[in-house]
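Number of protein chains: 2
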Amino acid sequence: MSAFSGNLRIDLAALAENYRLLDRLSAEGCETAAAVKADAYGTGAGPAAKALYEAGCRTFFVATPEEGVRLRGDLSGPAMIAILHGYAPEDEKHFARSRLTPVLNSLEQIRAYASDSKPGHAKPAILHFDTGMNRLGLGAAEVESLSKNKTLLEGLKIEMIMSHFISAEERQNPHNEEQAKRFTKIAQDYPGVRRSLCNSSAIFGDKGWHGDLTRPGMALYGLNPTPEKKNPMRRVVSLDAPVLQIKTARLGETAGYNATYRFDKETRLAIVGVGYADGLLRTLGNKAVLYWRGHALPIRGRVSMDLIICDLSSVPESQIPGPGDRLEVLGENQDADALAKAAGTIGYEILTSLGQRYKRIYVP
Amino acid sequence: MSAFSGNLRIDLAALAENYRLLDRLSAEGCETAAAVKADAYGTGAGPAAKALYEAGCRTFFVATPEEGVRLRGDLSGPAMIAILHGYAPEDEKHFARSRLTPVLNSLEQIRAYASDSKPGHAKPAILHFDTGMNRLGLGAAEVESLSKNKTLLEGLKIEMIMSHFISAEERQNPHNEEQAKRFTKIAQDYPGVRRSLCNSSAIFGDKGWHGDLTRPGMALYGLNPTPEKKNPMRRVVSLDAPVLQIKTARLGETAGYNATYRFDKETRLAIVGVGYADGLLRTLGNKAVLYWRGHALPIRGRVSMDLIICDLSSVPESQIPGPGDRLEVLGENQDADALAKAAGTIGYEILTSLGQRYKRIYVP
Numbered sequence: 001m002s003a004f005s006g007n008l009r010i011d012l013a014a015l016a017e018n019y020r021l022l023d024r025l026s027a028e029g030c031e032t033a034a035a036v037k038a039d040a041y042g043t044g045a046g047p048a049a050k051a052l053y054e055a056g057c058r059t060f061f062v063a064t065p066e067e068g069v070r071l072r073g074d075l076s077g078p079a080m081i082a083i084l085h086g087y088a089p090e091d092e093k094h095f096a097r098s099r100l101t102p103v104l105n106s107l108e109q110i111r112a113y114a115s116d117s118k119p120g121h122a123k124p125a126i127l128h129f130d131t132g133m134n135r136l137g138l139g140a141a142e143v144e145s146l147s148k149n150k151t152l153l154e155g156l157k158i159e160m161i162m163s164h165f166i167s168a169e170e171r172q173n174p175h176n177e178e179q180a181k182r183f184t185k186i187a188q189d190y191p192g193v194r195r196s197l198c199n200s201s202a203i204f205g206d207k208g209w210h211g212d213l214t215r216p217g218m219a220l221y222g223l224n225p226t227p228e229k230k231n232p233m234r235r236v237v238s239l240d241a242p243v244l245q246i247k248t249a250r251l252g253e254t255a256g257y258n259a260t261y262r263f264d265k266e267t268r269l270a271i272v273g274v275g276y277a278d279g280l281l282r283t284l285g286n287k288a289v290l291y292w293r294g295h296a297l298p299i300r301g302r303v304s305m306d307l308i309i310c311d312l313s314s315v316p317e318s319q320i321p322g323p324g325d326r327l328e329v330l331g332e333n334q335d336a337d338a339l340a341k342a343a344g345t346i347g348y349e350i351l352t353s354l355g356q357r358y359k360r361i362y363v364p
Numbered sequence: 365m366s367a368f369s370g371n372l373r374i375d376l377a378a379l380a381e382n383y384r385l386l387d388r389l390s391a392e393g394c395e396t397a398a399a400v401k402a403d404a405y406g407t408g409a410g411p412a413a414k415a416l417y418e419a420g421c422r423t424f425f426v427a428t429p430e431e432g433v434r435l436r437g438d439l440s441g442p443a444m445i446a447i448l449h450g451y452a453p454e455d456e457k458h459f460a461r462s463r464l465t466p467v468l469n470s471l472e473q474i475r476a477y478a479s480d481s482k483p484g485h486a487k488p489a490i491l492h493f494d495t496g497m498n499r500l501g502l503g504a505a506e507v508e509s510l511s512k513n514k515t516l517l518e519g520l521k522i523e524m525i526m527s528h529f530i531s532a533e534e535r536q537n538p539h540n541e542e543q544a545k546r547f548t549k550i551a552q553d554y555p556g557v558r559r560s561l562c563n564s565s566a567i568f569g570d571k572g573w574h575g576d577l578t579r580p581g582m583a584l585y586g587l588n589p590t591p592e593k594k595n596p597m598r599r600v601v602s603l604d605a606p607v608l609q610i611k612t613a614r615l616g617e618t619a620g621y622n623a624t625y626r627f628d629k630e631t632r633l634a635i636v637g638v639g640y641a642d643g644l645l646r647t648l649g650n651k652a653v654l655y656w657r658g659h660a661l662p663i664r665g666r667v668s669m670d671l672i673i674c675d676l677s678s679v680p681e682s683q684i685p686g687p688g689d690r691l692e693v694l695g696e697n698q699d700a701d702a703l704a705k706a707a708g709t710i711g712y713e714i715l716t717s718l719g720q721r722y723k724r725i726y727v728p
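As they're listed, the protein sequences go chains A and B. Reminder that position 42 of the first sequence reads as 42 in the numbering used here, one-by-one numbering, no gaps. Reminder that position 52 of the second sequence reads as 416 in the numbering used here, one-by-one numbering, no gaps.
These aren't lab readings, by the way, just hints derived from the structure by calculation. The model shown is predicted, which means the values in this text are computed figures rather than measured ones. Beta carbons are placed, not taken as given, at the ideal position from N, Cα and C, and that holds for glycine. Watch out, some of these pointers could steer you wrong.
As the list claims (entries may be wrong) - Okay, derived cross-link-like pairs now, DMTMM-like style, lysine to aspartate or glutamate, Cα gap no bigger than 25 Å in a straight line:
| # | chain 1 | residue 1 | chain 2 | residue 2 |
| --- | --- | --- | --- | --- |
| 1 | A | K230 | A | E253 |
| 2 | A | K359 | B | D438 |
| 3 | A | K157 | A | E144 |
| 4 | B | K723 | A | E66 |
| 5 | A | K185 | B | E506 |
Stated by the list, open to error - Heads up, incomplete: computed chain A residues facing chain B, CB under 10 Å, no partners named:
| # | residue |
| --- | --- |
| 6 | G155 |
| 7 | E159 |
| 8 | P191 |
Stated by the list, open to error - Okay, the calculated bits of chain A under chain B, using three or more residues with CB under 8 Å as the criterion:
| # | segment |
| --- | --- |
| 9 | 12-22 |
| 10 | 45-52 |
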């Protein structure tokens, strides 16, 4: 790596601690799984899953079979790897070879998956019921069909049934109770089968929702699952970016493409080697700040592909950074949720947008 | 790859054709370089640079030394690789081993780079003058210092001088002429040295700006360098995403997280395996469309990390897609500029955000 790389630090101890905190918060007898899809929310699925495994996690959720195949290679011991996108016959070899468990989202997926089961060798599966998202999962009509025709499940071993909240981070939102009720009603048709309903935020909701397995994602990676309260999680992701050049803009001059910021006084600037190709979303232009020794440095003008322009006015002359110094993008002064707020998005998108040019440092 | 992967197609023949078109548009005797930074604007620096090399390109611009080192490994013949972020002593080994040419942006970078030059072995460099961006490059005061103290350049072979337009895509913007004038004035101090001022859009501007070398980026990758006119470039990037499930929402139900869209009639939906972790920016939620056989399918509700919900109302019942069918994200109905418009950003950010989970297909 070079003097011009941003450093992306992933604190695996904090990740493990977050896992243990969420596990302690879960109801008695409830297992805590981990969502490690999308490269573990941008943090790196391999190192993250290994750390989570060491912390005791034995069930992992990813989106696609490819993610599952890679994850199986990363894990050294027994674990369930669940594929949220479900099952397609073209992917049979991935499921078989890497022992992946599909989350079956439709009657069609159930039929396809069950079609080649062999007597005495029930195939493991999770059933996903859509209780209000209108995204993946069996809808009301399919739930009813399945309930009337349980033979569709012959040859399958239903490891778990699950659903997903649409507004779990809004503690008082009536959607939560409605969805929980619908799920409980459906679950009556599956006596003795494990139940999973809770994402990160829902773990902090009604303990009655916890069921047999929770499956946090964002909170593991340090995002705030209780946005109306102080973040109970430890920060996992830190990012700095290198100062390439210090310069002085004169009164009346402008910053960056299309001159979207005009200096109303002579202004010292740091030109910083990070841009939207690295995941610093363009919406942050003229909106966000970076930090240097606790001083907030506003981004002036547009975010470029590989560069931003930061205003050093808040920094005393004796403390002005120089080329090679590193400014905080994510760290003790600003977490991914805060940067997301400046961008008008959510911390998840900040994390999954983290680019490929950083030096990735995994702190054990 | 699996049934659940999006397919990202990069048309290398179109890329090469775009290069040749831009080269034909350049003034007589003017070389056409290529900006291949940020993984060739998300298209893949290795395959893109090889195709450009075969089309005759011999000068490449990247942002960082690491990008330069990787690119040197990708190229089979002689070429100049210019590093836009400039030079830092820590990276001397990269510059030396991979024969990288720094774009020197400050007196400090000039001094550092020249400091260990050996008599008879002048080190190649490009000088970058900031003519209005207040981003990288020698500012007015540094230009003057350098002009009065040319001994700073001893030991260096100045291959080229360059600057960068801030609003080149706005043909009539007076910034363009101002910057060109400043650059011409500075260039008088460097007689006989090659000059480079033009990015993609500027190539379509005043031929007097072309100088000795143009360095297009976005137009190579099919983005429109003349936003007020029809796009003269060929499309390079196509992207489809798989339908995972077809379902029907009932009147009054909602779509996705936080119920940001409510159905005012029974509505057929396609649940599609692509999300913001794949670069489908969250700002596209309730804004953009995907295409199926020419029919526009609006995204309903928020973009999720791995999924979106598309409205099939415009599709005749006999043509409803099924699981495994692939919807057009980028293609003949919608290019990156159009998708960017829906997201409130520019095509560049669409391209550099293209995710890692796609199956990448390079069409020769």
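Each hint, compared with the structure:
1. A:K230 / A:E253: Violated: K230 of chain A and E253 of chain A sit about 41 Å apart, past 25 Å.
2. A:K359 / B:D438: This hinted pair holds, its Cα atoms lying about 21 Å apart.
3. A:K157 / A:E144: At roughly 20 Å apart (the allowed maximum being 25 Å), E144 of chain A and K157 of chain A satisfy the hint.
4. B:K723 / A:E66: 11 Å, holds
5. A:K185 / B:E506: Judged against 25 Å, a Cα distance of about 73 Å means the pair is violated.
6. G155: Violated: closest Cβ of chain B sits about 20 Å from G155 of chain A, beyond 10 Å.
7. E159: Violated. Min distance 20 Å.
8. P191: At 27 Å from the nearest chain B Cβ, P191 of chain A fails the 10 Å test, so the hint is violated.
9. 12-22: violated (count 0)
10. 45-52: violated (count 0)
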